[in-house]
Amino acid sequence: GENVEQHPSTLSVQEGDSAVIKCTYSDSASNYFPWYKQELGKRPQLIIDIRSNVGEKKDQRIAVTLNKTAKHFSLHITETQPEDSAVYFCAASRVSSASKIIFGSGTRLSIRP
Amino acid sequence: ETGVTQSPTHLIKTRGQQVTLRCSSQSGHNTVSWYQQALGQGPQFIFQYYREEENGRGNFPPRFSGLQFPNYSSELNVNALELDDSALYLCASSVQGAEETQYFGPGTRLLVL
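Residue numbers (our numbering), protein chains in the order written: chain Z, 10 to 122; chain D, 2 to 114.
Read the hints as simulated data drawn from the structure, not as lab findings.
This structure is a prediction, so every number in the text was calculated from the model and none was measured.
Hints may contain errors.
To give an idea of the interface, some chain Z residues facing chain D are shown, with a C-beta separation under 10 Å as derived from the structure [what the hints assert, rightly or not]:
no., residue
1, V96
2, C99
3, A100
4, F112
Where is the CB? At the ideal position from N, CA and C, for every residue including glycine.
Chain Z extracted, bound-state conformation (with noise of 0.2 Å):
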């Protein structure tokens, strides 16, 4: 069945580094790759999205890319914050195809001072 895979699982890095969150989907219909940052006790908040026809995408210190060949995509934070600190997730769907998203099982990132 569909299924997307997240790397790491847990992801320490050092304050104004740079980090880096990996996944993989089987379903090669997907065309929609949404990425959702998860605080503690809160709801999944949608960051930044790219879609089939993209290669890569770019929002201020967020950036994702696209390999729909290999069906990797990869999520990139620049300069990290302590705010940055929370659980992501990746996730892939079909639009318009009764739109499901199936998630990654999340990377818990920290940021260290």
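Put chain D on the given structure of chain Z with help from the hints.
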């Protein structure tokens, strides 16, 4: 914060009981999806409602059912509760046929004893 609301925020039930959770979608959104998030895991798709009908279902048994109302709000019903049903239940609203980005509500934390 998104305009998606859920009630109640917390709920304690005993095994075998039934529960109803509620979700109000963001203004202008016509689709509601429900997810179950167990502790330390990513959200798992339960089902989606569009035009008051179920529009896709994940790997959940029939004792998980739902409704969508003309104002696009939705209910999730779970019968014959089991201990493993203890989780955070999230709803997400979106616009079918448009961007379809899903925005999550704050969730209902259900504990089954």
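*asked:* Flag every earlier hint the structure violates by its number, smallest first.
replied: Every hint satisfied by this model.
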